[in-house]
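**Student:** Sequence:
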Amino acid sequence: MRVRTDYRSLSGIEKASMFMLSLSEEHAAQLFENMGDEEIRELSMCMANLGNISSEVVERLYVDFAEQISSTGSLTGTPESTERLLSKV
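Under our numbering, residues 150 to 238 are what the sequence shown spells out, in order.
These aren't lab readings, by the way, just hints derived from the structure by calculation.
Derived DEER-like restraints, expressed as beta-carbon distance ranges:
| id | residue 1 | residue 2 | range |
| --- | --- | --- | --- |
| 1 | R157 | S219 | 19 to 27 Å |
| 2 | G185 | E208 | 24 to 32 Å |
| 3 | L172 | L234 | 15 to 23 Å |
| 4 | E208 | G161 | 15 to 23 Å |
| 5 | E205 | E229 | 31 to 39 Å |
| 6 | P228 | N201 | 31 to 39 Å |
| 7 | T154 | Q179 | 25 to 33 Å |
| 8 | S193 | R233 | 21 to 29 Å |
All C-beta atoms, glycine included, are put in the ideal place defined by N, C-alpha and C.
With the hints as extra help, turn the sequences into a complete structure.
**Tutor:** Quick look at the structure:
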């Protein structure tokens with residue numbers, strides 16, 4: 150099976166899938182509990198078909214995540230911010 154090495158080619162849902170797969174089962178289950186059926190279906194299908202991802206790509210995912218968190222200074226979850234985020238996936 151081919152190993153994916155190009156981070157820039159990953160879609161938002163693929164990045165979310167990588168993130169979920171990198172969590173413990175307990176933490177991933179807690180996130181799934183807060184999702185709707187369609188979100189779970191789409192994300193789990195992507196997770197199942199993601200294939201092999203190089204460790205460099207996984208590291209880049211977490212670096213980008215940390216940079217986004219530190220650049221905003223704080224996080225605020227609202228229905229509007231969530232809708233904007235989901236519209237980009």
